[in-house]
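The listed protein sequences correspond, in order, to chains A and B.
Read in order, the letters of the first sequence are residues 15 to 482 in our numbering.
Read in order, the letters of the second sequence are residues 150 to 521 in our numbering.
Simulated from the structure, these hints should not be mistaken for laboratory data.
Idealized CB from N, CA, C, for every residue including glycine.
Careful, some of the hints might be misleading.
[Unchecked claim] Derived lysine-lysine pairs resembling DSBU-like cross-links, with alpha carbons at most 35 Å apart:
#1 166(B) - 444(A)
#2 371(B) - 383(A)
#3 330(A) - 380(A)
#4 166(A) - 377(A)
#5 328(A) - 377(A)
#6 275(B) - 218(B)
#7 322(B) - 412(B)
#8 468(B) - 322(B)
#9 412(A) - 371(B)
#10 275(B) - 189(B)
#11 282(B) - 239(A)
#12 324(B) - 468(B)
#13 371(B) - 446(A)
#14 411(A) - 371(B)
#15 322(B) - 396(B)
#16 282(B) - 491(B)
#17 282(B) - 324(B)
#18 446(A) - 166(B)
#19 412(B) - 371(B)
#20 275(B) - 386(B)
#21 299(B) - 465(B)
[Said to hold, decoys possible] One side of the interface only, derived from the structure: several residues of chain A facing chain B at Cβ under 8 Å:
#22 19
#23 138
#24 209
#25 213
#26 214
#27 217
#28 218
#29 291
#30 458
#31 464
#32 469
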Amino acid sequence: MLFHTWTFVIFFTITMSVYLLLRRHTNCRLLWLLIASYVFYGWWNPLFLILIFYSTSLEYLAGLMITDTRYKKTWLTICVYKKTWLTICLLNSIFMLGFFKYAGFFTENLRTLFIILHIPLDVPVANILLPVGISFFTFQSMSYIIDVYYKKVKVERHFIRYASFVAMFPQMVAGPIERGRNILPQLRHIPIIRGLDVSDGLSLFLIGLVKKVVMADFLAIYVDKVYNNPSFYDSTTLIFATYAFAWQIYFDFSGYTDMARGVAKALGIRLMLNFNNPYTAVDIGDFWRRWHISLSSWFKDYVYVPLGGNRGFKYKVYWNVLLTMVISGFWHGAAWTFIIWGGLNGLGRVLTIDLEKSQFYLKIPKIIKQLLVFHFICLTWVFFRAANLSDAMLILKKICLFTNVSPEIPVFLFGAVGLIWIYQLIFSSKYKWLLENSFVRVGGMVTALVLFLVFSTAANKQFIYFQF
Amino acid sequence: MRKRRIFSSNTFRLNFKELAVTGAVIVIGVLFLLPFVWSKAENIRTGSEFRISYDSRDDYWVYKKWADKAAEEYPVIFLGDSVVWGMYVDSSSTLPSKINRRLNRQVVANLAIDGLHSVALEGLLKYYGGAVKNKTVILHYNPLWMNSRKYDLSDDEEMQVHHPRLIPQFSPKYKCYTESFSGRLNICRERNIPFFSLLNHIRLAFFNNEELNQWMIDNPYKTPLSQISMTVDPGEKEKKNSSESWKQKGITAQEWEWVPLDKSYQWEAFTNVIKLLQERGNRVCVMVGPLNPYMLTPASLNKFRKLQQDIYTWLKAHKIEYVPVPDLPTEMYADASHPLDKGYDLIADTLLLSPVFTPYINRGAALCSAKK
Numbered sequence: 015m016l017f018h019t020w021t022f023v024i025f026f027t028i029t030m031s032v033y034l035l036l037r038r039h040t041n042c043r044l045l046w047l048l049i050a051s052y053v054f055y056g057w058w059n060p061l062f063l064i065l066i067f068y069s070t071s072l073e074y075l076a077g078l079m080i081t082d083t084r085y086k087k088t089w090l091t092i093c094v095y096k097k098t099w100l101t102i103c104l105l106n107s108i109f110m111l112g113f114f115k116y117a118g119f120f121t122e123n124l125r126t127l128f129i130i131l132h133i134p135l136d137v138p139v140a141n142i143l144l145p146v147g148i149s150f151f152t153f154q155s156m157s158y159i160i161d162v163y164y165k166k167v168k169v170e171r172h173f174i175r176y177a178s179f180v181a182m183f184p185q186m187v188a189g190p191i192e193r194g195r196n197i198l199p200q201l202r203h204i205p206i207i208r209g210l211d212v213s214d215g216l217s218l219f220l221i222g223l224v225k226k227v228v229m230a231d232f233l234a235i236y237v238d239k240v241y242n243n244p245s246f247y248d249s250t251t252l253i254f255a256t257y258a259f260a261w262q263i264y265f266d267f268s269g270y271t272d273m274a275r276g277v278a279k280a281l282g283i284r285l286m287l288n289f290n291n292p293y294t295a296v297d298i299g300d301f302w303r304r305w306h307i308s309l310s311s312w313f314k315d316y317v318y319v320p321l322g323g324n325r326g327f328k329y330k331v332y333w334n335v336l337l338t339m340v341i342s343g344f345w346h347g348a349a350w351t352f353i354i355w356g357g358l359n360g361l362g363r364v365l366t367i368d369l370e371k372s373q374f375y376l377k378i379p380k381i382i383k384q385l386l387v388f389h390f391i392c393l394t395w396v397f398f399r400a401a402n403l404s405d406a407m408l409i410l411k412k413i414c415l416f417t418n419v420s421p422e423i424p425v426f427l428f429g430a431v432g433l434i435w436i437y438q439l440i441f442s443s444k445y446k447w448l449l450e451n452s453f454v455r456v457g458g459m460v461t462a463l464v465l466f467l468v469f470s471t472a473a474n475k476q477f478i479y480f481q482f
Numbered sequence: 150m151r152k153r154r155i156f157s158s159n160t161f162r163l164n165f166k167e168l169a170v171t172g173a174v175i176v177i178g179v180l181f182l183l184p185f186v187w188s189k190a191e192n193i194r195t196g197s198e199f200r201i202s203y204d205s206r207d208d209y210w211v212y213k214k215w216a217d218k219a220a221e222e223y224p225v226i227f228l229g230d231s232v233v234w235g236m237y238v239d240s241s242s243t244l245p246s247k248i249n250r251r252l253n254r255q256v257v258a259n260l261a262i263d264g265l266h267s268v269a270l271e272g273l274l275k276y277y278g279g280a281v282k283n284k285t286v287i288l289h290y291n292p293l294w295m296n297s298r299k300y301d302l303s304d305d306e307e308m309q310v311h312h313p314r315l316i317p318q319f320s321p322k323y324k325c326y327t328e329s330f331s332g333r334l335n336i337c338r339e340r341n342i343p344f345f346s347l348l349n350h351i352r353l354a355f356f357n358n359e360e361l362n363q364w365m366i367d368n369p370y371k372t373p374l375s376q377i378s379m380t381v382d383p384g385e386k387e388k389k390n391s392s393e394s395w396k397q398k399g400i401t402a403q404e405w406e407w408v409p410l411d412k413s414y415q416w417e418a419f420t421n422v423i424k425l426l427q428e429r430g431n432r433v434c435v436m437v438g439p440l441n442p443y444m445l446t447p448a449s450l451n452k453f454r455k456l457q458q459d460i461y462t463w464l465k466a467h468k469i470e471y472v473p474v475p476d477l478p479t480e481m482y483a484d485a486s487h488p489l490d491k492g493y494d495l496i497a498d499t500l501l502l503s504p505v506f507t508p509y510i511n512r513g514a515a516l517c518s519a520k521k
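Generate the whole structure from the sequences, applying the supplied hints.
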């Protein structure tokens with residue numbers, strides 16, 4: 015079920031009405047939220063529900079086991095017992111991801127390796143249906159179990175509440191990847207739904223809708239056209255298609271999370287901010303603090319810090335950054351292009367950590383830094399979007415050759431993107447007050463909704479991040 | 150005054166009052182006022198012998214405008230599918246044009262569209278043909294739509310339905326029509342909110358039936374506004390008279406099953422059309438046929454004759470005036486139901502000699518003159 019469809023409008027109207035009726039009855043309200051979430055998720059394929067129910071049950075049990083150590087006599091047995099449950103749980107999540115998401119990648123690479131080494135073994139390439147949002151809900155569950163282990167979050171003894179946290183429909187399939195410590199306490203109490211929450215939720219939802227239907231889907235037509243046949247286009251077109259993809263993925267993903275946050279807010283649940291105008295970032299670290307914030311902070315807390323984080327000598331820190339970014343790339347997709355994308359981001363970060371702190375960098379005008387970061391990120395997006403490694407290399411090669419034969423640049427589309435970028439630059443400047451005027455906000459919303467109405471007839475595209 | 154919290158990564162945090170203003174501007178200004186103003190400002194060219202072109206057959210905005218104009222200017226409205234529209238002939242050789250020429254005045258308006266089966270006609274009149282009231286209406290019935298369960302829409306197998314945006318989306322449900330739920334709701338939206346009908350019109354009339362975003366990608370340096378003009382010419386210009394008969398095309402005899410009247414979805418819809426037209430104060434006369442009997446095997450022809458009789462019996466029983474179109478000579482058929490130019494001549498002559506039809510037309514014209 016997609017947010018920008020009539021099906022969702024009807025689903026949400028029913029869900030919200032019953033939810034409001036059951037607001038004061040915690041158990042009934044949670045059960046209803048869980049049923050609604052399972053309907054939402056099962057809409058893609060009811061078989062996926064078996065997976066999520068199994069995963070939820072195991073983690074719930076593990077959470078209880080990790081906490082419940084009353085029959086263990088010694089410190090050592092407690093430690094072994096807790097660690098065993100944590101390991102079982104993490105291995106289960108990793109196995110699930112590995113099986114559904116990476117089996118094809120591994121078998122295909124193994125097959126290629128055998129061919130290179132002339133080993134006469136025929137490895138069948140696994141072709142397994144990827145459950146929607148598996149990367150998101152497994153990461154959310156993993157964070158819960160790790161936090162329970164390290165006592166950063168109170169164990170959840172109420173199964174329905176825990177299951178609602180894992181499957182909560184607004185953010186289940188494409189984030190934000192929430193933490194137990196943020197959501198579980200909210201589910202424990204009667205939600206406070208004020209008029210402001212509903213109007214905020216609606217505002218967020220509408221802006222997300224416009225981002226997706228008007229901008230992301232429009233940019234997608236151009237990006238798909240160029241990236242599906244990169245050899246047909248000149249450098250200028252390829253450069254602009256890469257810019258277009260940078261904005262497409264931003265509008266697509268941030269549009270989804272805006273809608274998710276809006277829906278959740280109307281239900282009285284506050285989800286974290288996931289995108290904070292990333293293309294106004296002044297350095298690569300700043301970009302990752304603004305882009306997919308919930309995932310970046312997940313990797314920081316559960317990969318980067320356990321690896322050593324900022325502790326230790328300089329090159330160890332660089333290694334930690336690089337490794338975290340490579341893993342992050344692999345999380346995004348089971349292909350070498352994603353690993354390279356992550357690696358490039360890590361390399362960019364490593365090479366600029368010291369530069370960012372230098373006096374020289376501080377003296378560079380902000381807009382120049384923003385442009386430099388944007389272009390570096392665009393370079394990495396080539397690998398993210400290209401169909402395969404050879405296409406990515408072809409695109410980069412053609413861009414470097416700088417051929418300019420009848421470029422195809424949809425000027426109005428880029429005009430619109432330019433205006434939005436200027437809006438974001440003003441938003442992050444001292445002139446933000448200009449945008450807070452009621453006329454600007456209402457006028458902007460009216461314009462955005464008119465564009466939505468115009469483009470809504472062709473709105474049926476999936477969200478990019480669903481594939482992850 | 151309470152300080153505004155930092156909201157998201159933009160300033161579009163609207164309170165209820167601002168959301169209400171936004172909603173009002175959108176609903177009143179955009180969804181209803183804009184189409185109204187557009188409709189007044191836009192000039193749709195319709196001359197004598199006008200018919201909506203093949204390319205504009207899905208532009209129901211244009212159809213509505215043409216129906217409004219025709220209802221105002223013509224005493225008699227001719228409704229039907231491509232047989233009335235004139236599939237193999239130019240605009241001056243269609244059946245309504247030939248009748249007008251024989252009457253030496255513009256009496257009959259051609260409100261037929263290509264591919265308009267009865268189920269779609271019902272939707273067309275319901276949502277876009279409101280102007281056709283208190284008129285004399287000649288309603289063509291083409292039995293060809295009942296030649297199989299597939300064309301009757303009573304088959305379960307999925308098929309490409311003609312004019313899908315006109316057929317009922319939820320009730321009654323046609324199993325062969327498999328549009329998604331969201332798609333069906335979008336169609337209902339287009340029928341009931343003029344803005345969406347206008348959008349569809351703009352797409353068809355100015356952007357080669359492409360979505361605006363696709364068009365802007367295909368024409369990266371063109372301005373969309375420069376494509377739009379306030380004068381539209383949706384008349385048919387391409388069609389030339391064809392002289393090739395069905396036999397010359399190599400079409401062979403067909404064994405059609407024919408769906409019985411009481412089980413036919415198309416016939417049910419047709420009876421609804423008659424009812425709707427009568428409820429709107431129209432005087433309805435039905436023209437049944439033509440249909441090429443030479444293209445049928447003897448067994449199929451027998452079934453067809455039985456069906457024909459059932460249709461006449463029903464019309465008679467419900468006191469609906471009707472004119473059966475007699476069988477034309479074989480060389481005057483272009484295919485199963487469409488006549489060639491000479492075939493239309495013969496039908497026009499036959500109709501004007503019919504004791505039902507001529508007084509009917511004259512009465513319609515006289516009533517209209519009296520009103521004026």
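Against the structure, the hints:
1. 166(B) - 444(A): Status holds; Cα separation ~27 Å.
2. 371(B) - 383(A): holds (33 Å)
3. 330(A) - 380(A): holds (30 Å)
4. 166(A) - 377(A): violated (41 Å)
5. 328(A) - 377(A): Measuring from Cα to Cα gives roughly 25 Å; hence the hint holds.
6. 275(B) - 218(B): Roughly 17 Å between the alpha carbons, so the hint for residue 275(B) and residue 218(B) holds.
7. 322(B) - 412(B): Cα-Cα ~15 Å, so holds.
8. 468(B) - 322(B): holds (30 Å)
9. 412(A) - 371(B): Cα-Cα ~26 Å, so holds.
10. 275(B) - 189(B): Status holds; Cα separation ~22 Å.
11. 282(B) - 239(A): Since the Cα atoms of residue 282(B) and residue 239(A) sit roughly 49 Å apart, the hinted pair is violated (cutoff 35 Å).
12. 324(B) - 468(B): holds (33 Å)
13. 371(B) - 446(A): holds (34 Å)
14. 411(A) - 371(B): holds (30 Å)
15. 322(B) - 396(B): violated (38 Å)
16. 282(B) - 491(B): holds (32 Å)
17. 282(B) - 324(B): Judged against 35 Å, a Cα distance of about 32 Å means the pair holds.
18. 446(A) - 166(B): Holds, at about 22 Å.
19. 412(B) - 371(B): Answer violated: residue 412(B) to residue 371(B) is near 53 Å, above 35 Å.
20. 275(B) - 386(B): holds (28 Å)
21. 299(B) - 465(B): holds (28 Å)
22. 19: holds (5 Å)
23. 138: violated (34 Å)
24. 209: Since the shortest Cβ distance to chain B is 6 Å, the answer is holds.
25. 213: holds (5 Å)
26. 214: holds (6 Å)
27. 217: Where the cut-off is 8 Å and the nearest Cβ of chain B is about 5 Å from residue 217(A), the hint holds.
28. 218: This hint holds: residue 218(A) lies near chain B, its Cβ roughly 6 Å from the closest one there, short of 8 Å.
29. 291: holds (5 Å)
30. 458: holds (6 Å)
31. 464: holds (6 Å)
32. 469: For residue 469(A), the interface hint holds, since the closest Cβ of chain B sits about 6 Å away, which is under 8 Å.
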